[in-house]
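*Asks:* Please model the entire structure based on the sequences and the hints provided.
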Amino acid sequence: MRFQPLLGLRDFESAYEEVSRTAAVSANQIPGDLKKDKSSASGVDAVSSGSSTSSDSSSMNKTSSLIGINSSNKSLGVYQSSSYFWEGVIFSKENGKLKVKAFEVIGSEMMPNFVLAMPPTLECVGRITSHKFLDNLKLKELNGQGVVVVTFLPVETEREVFCSLINHMKQGRIVVTKPFCEVVEDFYIVLLLKDDAVLRDANLFSADNSYFQNQKDDLLLGVAVFSKQHSY
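If you count by full-length UniProt numbering, then the sequence shown holds residues 1 to 232, one letter each, in order.
A couple of the hints might just be wrong.
Said to hold, decoys possible - Across the chosen pairs, the derived CB separations fall in these ranges:
1. GLN229 / ASP135: 20 to 28 Å
2. MET111 / LEU139: 17 to 25 Å
3. GLU156 / HIS131: 34 to 42 Å
4. ASN143 / PRO112: 17 to 25 Å
5. ASN143 / HIS168: 28 to 36 Å
6. HIS131 / ASN214: 21 to 29 Å
7. SER210 / LYS93: 34 to 42 Å
8. GLY144 / GLU94: 18 to 26 Å
9. HIS131 / LYS194: 26 to 34 Å
10. LYS93 / GLY144: 30 to 38 Å
What the hints contain is simulated information worked out from the structure, not anything from laboratory work. Owing to the predicted nature of the structure, the values given are computational and were not obtained by experimental measurement. The C-beta atom is built at its ideal place from N, Cα and C for all residues, glycine as well.
*Replies:* Listed below in structure tokens is the structure:
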């Protein structure tokens, strides 16, 4: 799957016209081996995120738009993609609940299990530096652990909250979420700025990677690292 160049939008709402016309299909029941597990990322600065509830469920839906946002002027651009596979909430103490859709960017053979494992709410419980994140990622890759990358898109009514989260994450910290299953060992929420020199050092986000060749806006990404026993 390759992204097409970004296209400008005259207004935010037009990006969701096709999305609003399509119906969500609930994901199948999560298998027994995808139940919650106590694994977590190393080197995490814990934050108090409080409790959260959500009625949002995992879903698949067809669309043709994938959005990146330039938070400096709140302009939007559109990538071409096939579908979003999950709709739910990112919850943090600082920004509250943010309703988003997730699109596959870099998948793998583990993608079907990952789709089923995604919880209704991704709860932010800590932060690490970009350098620590890259070190962790390199170690996991050397260990043969699989990685999936997704891009988050806000639902129409969440634009301001999304911009707030983007601006908050420009402090250079990578968000670590609460563990939600034994398949995914670590899950990070990463702000990839179009001119981020630090993250661009990683092969995963390199401009040589076709998925990011035409990036013109800041992107909010999710990076899932699979546990060793579920990597293949």
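*Asks:* Taking each numbered hint in turn, which are not upheld by the structure, reported in ascending numerical order?
*Replies:* Hints 8, 9 not satisfied by this model.
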